[in-house]
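Next come the chains, spelled out residue by residue.
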Amino acid sequence: MSLTGRSLVSIDDLSNGEIEALFSVADKMSDSLSNQSGVCQGKIMASLFFEPSTRTRLSFEAAMLRLGGRIITAVEVGATSLAKGESLADMARVVGSYADIIVIRHPWEGAARVVADYAGIPVINAGDGGHEHPTQALCDLYTIKKERRTIEGLKIALFGDLRYGRAVHSLTYALARFGAIILFPPSPGLEMPEHVLRKLTTEYKGKLIRLEARDQEVKKGLFPLDAMYVTPSSSHQLAMLPDISIQIELKKTGIDTLYVMRLQKERHAPAEEGQELKKNYPVVDKKLLKGKEFKGTIVMHPLPRVDELAYELDADPRSMYFKQAARGVPIRMALIALLLGTKEITISKEAASFVQKVDYPIYDRDSGVRCLNSNCVSNQETETRYIKPEFKIVSLEPLTLGCLYCEREVHPQYIASSEWHQGMLETKKYHSADSHWIRKIKPENLIIFDSESEAGAHGFKPSSYITAHRRGR
Amino acid sequence: MSLTGRSLVSIDDLSNGEIEALFSVADKMSDSLSNQSGVCQGKIMASLFFEPSTRTRLSFEAAMLRLGGRIITAVEVGATSLAKGESLADMARVVGSYADIIVIRHPWEGAARVVADYAGIPVINAGDGGHEHPTQALCDLYTIKKERRTIEGLKIALFGDLRYGRAVHSLTYALARFGAIILFPPSPGLEMPEHVLRKLTTEYKGKLIRLEARDQEVKKGLFPLDAMYVTPSSSHQLAMLPDISIQIELKKTGIDTLYVMRLQKERHAPAEEGQELKKNYPVVDKKLLKGKEFKGTIVMHPLPRVDELAYELDADPRSMYFKQAARGVPIRMALIALLLGTKEITISKEAASFVQKVDYPIYDRDSGVRCLNSNCVSNQETETRYIKPEFKIVSLEPLTLGCLYCEREVHPQYIASSEWHQGMLETKKYHSADSHWIRKIKPENLIIFDSESEAGAHGFKPSSYITAHRRGR
Amino acid sequence: MSLTGRSLVSIDDLSNGEIEALFSVADKMSDSLSNQSGVCQGKIMASLFFEPSTRTRLSFEAAMLRLGGRIITAVEVGATSLAKGESLADMARVVGSYADIIVIRHPWEGAARVVADYAGIPVINAGDGGHEHPTQALCDLYTIKKERRTIEGLKIALFGDLRYGRAVHSLTYALARFGAIILFPPSPGLEMPEHVLRKLTTEYKGKLIRLEARDQEVKKGLFPLDAMYVTPSSSHQLAMLPDISIQIELKKTGIDTLYVMRLQKERHAPAEEGQELKKNYPVVDKKLLKGKEFKGTIVMHPLPRVDELAYELDADPRSMYFKQAARGVPIRMALIALLLGTKEITISKEAASFVQKVDYPIYDRDSGVRCLNSNCVSNQETETRYIKPEFKIVSLEPLTLGCLYCEREVHPQYIASSEWHQGMLETKKYHSADSHWIRKIKPENLIIFDSESEAGAHGFKPSSYITAHRRGR
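Chains as they are written, first to last, in the working numbering: chain E, 136 to 608; chain U, 136 to 608; chain Y, 136 to 608.
Pulled out of the complex, with its shape left as it was, chain E reads as follows (with noise of 0.2 Å):
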C-alpha cells in the first residue's frame, strides 16, 4: 500500500497502519531536520490560503523547504481570481498543472474534496471551514504517542469549543480509531456536531455514554463530564461503571490528555453569540490543574490561544503546546514526502484496526435535495455551476443523508421508488420517510424529497395515507 499520489482531505483517509508509518518518517526527519534537503528537490507546493494563516501555513512551508523543495504561495483572501468568479475546480486544475502537490486551506466545507478532485496531483487538506484539519491531528496523535508510547486505553478530555473546532473533529476520529477513550466535558452551546457522534457510534461502532450526574459531580469536585466514547473493543474498567463512578475513577487514575481548544469566534456567525460564549468559555489553569485528576496529564492546544489556557501554566512540565507545534514540521515533512513518493513505506500487514471503513450507498438523483449547510462548498454559486448535492445514506430508520462534501446531515421526510415510472404513472406516489416503505424500496430505485412541493414538482402524488394524515391535521 502506497501513499504515492493520494491526497489527504479527512483523517479517515490514511489507515492507522499508515498514520504508524508515517509517524515513524516523521520521527526520522526529526532526528536530522537539516539534512533533508535532497528529498523533495525540483518539487513545487502551492500552498493556497484563502483563509487567515501562518501557523499552519507556516508550517507547511519550512516543512517543503526542509525538504529541499520550493513554494508558489497565495495568500491573498478574497482578491484572486476567484474573486472574479472562478470556481474552485477551475483554478485546481490549472495549478494543477504548475505545481507537484497543493496545500489548501478554505473558509468552506468540502472545498479540499472538490480541490483533491480536480487538481490531478496529491492535494492536503489544512483546514476546510469548520469540517477537517487531519494534519493538526496527526500532529496531535503524534504528540501523544511520543508522550505516552500509545492511544490505546488513553483517557483524553477535549475541552473547549467542540462545535466549530475543525482540528478537534479530525483529531476525535483518529483517537477512536486508534482506541482512546475520549472525555467531553460539558461544553453548552459549543458540542461536538451530531454528525461527528454519529460516525463515532455507527461508522467506528463504539459507544457514547451520556453522564447526567452533573451536580452531584461538581459538588465533590470532580471534573465534570457531559459524556464519554468507548471503543467497542475497549475492555476498559470505565466503561463498565455508572455515572457518578465514572469521575470518582477518574479522580484516581488521572485523565491522559487535557486538550484545550480555543473559541473559534470566526465562525460564529452572530457576533453577540461569540462574545456571550465567551463569557462563560472554561479557562484551564494552575488552579484547574491542581485537581488530582490532572496529576499526570499532559496538556495540549492547537495553538492560537487566546484566554483559555492560563499564560502561568507556559512553565508547566504538563504543557506540551509548544512541543507540540514544533511537531508540526516533521510531521508535514514526512507527509508530503509520502504523498509525493519520495519516500515509500511499505506497510506489510495492516495492524489490527479498531474500526472499519462503511461503504454507504450513494444518493445523487436530481430530486431537489439540497445540504442544508450555508457553508458548504455544494451551495455556492461559483459551484453549483458544476457540483450537484450528493450523499451517503447513512441511516434509513430515520432516514438520514450526509453530504458527500461537508458531511452535514440531512434528514429528508419524502420518499417515491423509481420502479413506478415504468409504465405505471397512476402508482407515481410518494411517501412518508418514516413509513414502511421506506424498507420496501429497493435501494437503487430510492427516491428522496425534502418537501412535498418537491415531490410535486417532479410529478409524484401523496400518498393515502399522507393524504389522510393531512386531513387529520
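If you're looking for bench data, these hints aren't it; they were derived computationally from the structure.
Computed from a predicted model, the values in this text were never measured in an experiment.
Glycine included, C-beta positions come from ideal geometry on N, C-alpha and C.
Check the hints yourself; a few may be wrong.
[Unchecked claim] Derived DEER-like restraints, expressed as beta-carbon distance ranges:
| id | chain 1 | residue 1 | chain 2 | residue 2 | range |
| --- | --- | --- | --- | --- | --- |
| 1 | E | 320 | Y | 553 | 24 to 34 Å |
| 2 | Y | 577 | E | 415 | 43 to 53 Å |
| 3 | Y | 414 | E | 324 | 54 to 64 Å |
| 4 | E | 324 | Y | 337 | 50 to 60 Å |
| 5 | Y | 414 | U | 324 | 38 to 48 Å |
| 6 | U | 323 | E | 516 | 22 to 32 Å |
| 7 | E | 426 | Y | 337 | 45 to 55 Å |
| 8 | E | 176 | Y | 337 | 23 to 33 Å |
[To be verified] Computed cross-link-like contacts, BS3-like style, restricted to lysine-lysine with a CA-CA straight-line distance of at most 27 Å:
| id | chain 1 | residue 1 | chain 2 | residue 2 |
| --- | --- | --- | --- | --- |
| 9 | E | 414 | Y | 523 |
| 10 | Y | 421 | E | 421 |
| 11 | E | 523 | E | 425 |
| 12 | Y | 523 | E | 425 |
| 13 | Y | 421 | Y | 458 |
Start from chain E and add chains U and Y according to the hints.
Leaving out everything else, chains U and Y in the frame of chain E:
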C-alpha cells in the same frame, strides 16, 4: 540577435523570428520540465503584482522555480510603499538593485513601460491595466501553433470583451503579424479599442473588412460577424468575398479557433454598466458548438472563466483551455531564461514577417497636450513628478497622437510652427489641425495644442481662418 | 566575541567593533554577490511583516536568497493569528520552532524585543513602530563610510521628520557612537524625541548645543540649525564656536552629508496634523543644494520619498540614495550570515569606542507604574497577559524611568521605600519624587507610584510634607 538583457513590455518587442525561437526553447523545456533546475541557479526574480492575480503570478513563479531560480514577491495591493506615495520609477530602481529580473502587473496602463525604463534589469509585463499582456498572448499563440502547426491563414474568432481584455490586444497584434485571419463577432459596448484596430491597418498594413449583413446572418443560422481582418499578403479567398458570402464560406470551411474571454467586470467604471453588459454577454456552450463551422474548432480561453464558457464543454476534445493554461509554465520558463541570458538563441536570418515595425516621429514638446486616458501612468499624481507626456505622431491627416505609454489616441485640434519664434513674433499664429498647414510645417517644428486657451497661454494668436470661422459660428 | 545566535533589536546591540567587522564582511560579499549561495544553504528565514513594506522586506529576502537560504513569509497585516488574539510571545515561540532566524517588522514599539525574548533563535528588528530600525541605520552608516572612508568628525545634517522616523533614531545613536557631528535643522512639530536626545548626552556623553540665531541665519543665507551634537572627545573647532559662527564655519568648510527623510504621515494620529505638517515640510532640490556648504555634500534618503527630495537631483553626482538602497542587500547578507553563525568574525580587541554602554538599574515592581506610550507593546491587550511593565531608572533627579520596551520616558511623582514594610507599618509613607528622599532610599528598596491614588491603593499614606503641600494649595 540576442534577447539577453531585453524587456518584454509589448508583444511587439519581439520579432516573429524571436517568437518562433522562444517557442522552440519552450518545446525543449516542456519535454523535461523537471530537468531545468540548473538554468537559472543563483538568479532572483521579483514578482510584483499590484493587481489581484493568482494564475499569472503562480505561473511565473512556478516557471522561475522550475529553472532553479528564486523569487521575491510583493502582492500587497495598495498597502505597499506606493501607498506611501512612492513612484514607479523609484520602486523600479530599488527593486532593480535587489533582483535579476522583474515581473510586474499593475492597474495603470503603461506602468510596465516605466518600470522597464528605470529598473536597469529585464522587465516582463504581466498585464498593465487594459493595455497589454504579452506573455498571455505568447501562451495563446503557442497553443494554436502546437494544435494547428501554423498560424498563417488560420481563421480565428475573438469572442467576448475586446474592449478591456488586455490579453486579446496583445494576441491580436501577434495574430496579425503571423498572418492569421481574425474574425470579430459582434460585441456591442465591448468593441476593440480604436488604437488597436488602427495599428492593424496602419502598422501591420492589413485590411479590416466591416460586415453589415447581421439580420440575414442570424436568419440563415450563420455565425454573426462584425468585421474581419486579413493580412496584406493574404491570398485567402475569404478576403475576396462579399459580406454574407464570407459567413457562408466560413460555415463550409470552418473556424479554426474560437478564443473566448470573460467580461472584464473590474475595469468597467460604473458597476451598473458591467451589470447590463453581463446580462447580454454571449455564452459558448454545446449548443453553439453544434454549428457546422465549429466542427474542427479548438476552443480557447485565457481563464478565469465565469459564465461565458459552459462547464459541459470541459470534456469536449475541442476544449484547449486547460492545456493552454498549463503551457504558461514552459513558455514563461523559456522567456525568463532568454531575457536573463541563461539560454541563448541564434536567429540567423529573420523569417519573413508580415509586418515591419513603423518608427513614428515622437512629439514631446511641453505644449500642454496630455493623454486623455485617466488610467494612463502618465496621468498619475505620483508619476507626473518625473514623466512628461510623450506621443507618437501616428497620423497627420487627421492629426492623431498615440500616447507613448498607453497607446490611447488623442486628436488635438490646433497646430503652430516653432520656426515662427525665431524673431518673427507677430506671425506667431496657430492654425486648425485639419487645415493645409499640417503639411507645410516641418515635423521637427510642429507645435500642437489641444485647446485655443492652451495656444493662447503659450503666446500664440489665432490665424485669420480660425477667427473668421469663429465669427461664422 | 561572536555574533552567532545573537539578535539585533537596537543598533546598540552591536559594538562599534562589531559594526566595523560586519562592514568588512559586507565588502567581501558585494564583490561577488552571486557567489555566496553556499553560505546559508539549508537555513530558513521567517520574514514577518505586520506593517506594509516592500523595500525592506524584499531587501531582506533577496539577501537571504543570495546566501542560498530559504524564506517563509507572512505579510497579511491584521489578518493573521494575531487577529485571532494571539500574543507576540506565542507567535515567536512557534515560528522559532519552524525557522532558523526571524526578521520582524511590527507597528508596536518594543515588539521586536518581545519576539527576541521568546523566539529562541536570532531575531532582526526590521522596524518596530516609531522606535528603531537598526538595519537601515547600518546601510546608512555603511554608505557614509564607503563614500567618505570615515565617520569620525563628519558633519551630518538630519533633515525632515525626526519625530517618527525610526530609522533616524537608530542612525543618530550610531553616528554619535562613531564620533560624527550631528546637525539638526529646524523641524517644527517633528523634533527628535526627548529620549533620543537624552541618550545622546547621558549614555554617549556628548554635548548638545542649542542654537538660537534663527533670524540672523536666514538673513545671511546660512543653513538654519536648531541644534548640534558633538561627541565628548571631539576636538573639532565647531564645538568651540558661538552660535552664528557655527553656521558661517559650516558655509566655509561644508556639510558632509545631508540625510533627508519623508514625513511619516502614517504615524501621525490625527490625519489633519499630517496635512498641516506636509504643507510646511522642507524640500531638498537643486536650488537648496546651490548653497556653498553643499558643494561636496552627499545626499542620502532611506526611501521611499514623496515630495521632500526633487527628482531633478537623481542625476546629480551628489545623490547617493539609490546606491544606499542597493547596499541594503550586502549589509543584510553579512548580518544574517553572522547571526546564523555561517560566517564568523574575530574582533581581537574592541576598537576604541566613544561610548560605553550604561547599565541602568531596573525597576520592575508591581506598583502600578505604566509606560504612557499607547503604541508600546507593553500596553497591548494581547501582551499584558504575560508582559509586566519594566523600566530602566535613567535618572534620579528628576526621577526618570525609560520603558524597557519602547524607551519612552515617564516621570512618576511619588516614591516610597520597601524597607518600611518590615513590621513598621505606621511609617509606610510615600514622598514626592523630587524631595530629598530620592537620595535616601536605596535603589533596591525604591517603590515608585505615578499617582497618589495608586500609592494609597498599595497601602501607603502621604508624608507630612505632601499633606502640608496639599493644604497650601
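Each hint, compared with the structure:
no. : hint                         : in the structure
1   : E:320 with Y:553: 24 to 34 Å : 44 Å, violated
2   : Y:577 with E:415: 43 to 53 Å : 48 Å, holds
3   : Y:414 with E:324: 54 to 64 Å : 55 Å, holds
4   : E:324 with Y:337: 50 to 60 Å : 57 Å, holds
5   : Y:414 with U:324: 38 to 48 Å : 44 Å, holds
6   : U:323 with E:516: 22 to 32 Å : 26 Å, holds
7   : E:426 with Y:337: 45 to 55 Å : 53 Å, holds
8   : E:176 with Y:337: 23 to 33 Å : 55 Å, violated
9   : E:414 with Y:523             : 24 Å, holds
10  : Y:421 with E:421             : 67 Å, violated
11  : E:523 with E:425             : 53 Å, violated
12  : Y:523 with E:425             : 25 Å, holds
13  : Y:421 with Y:458             : 19 Å, holds
Comparing the model with each earlier hint shows violations of hints 1, 8, 10 and 11; every other hint is respected.
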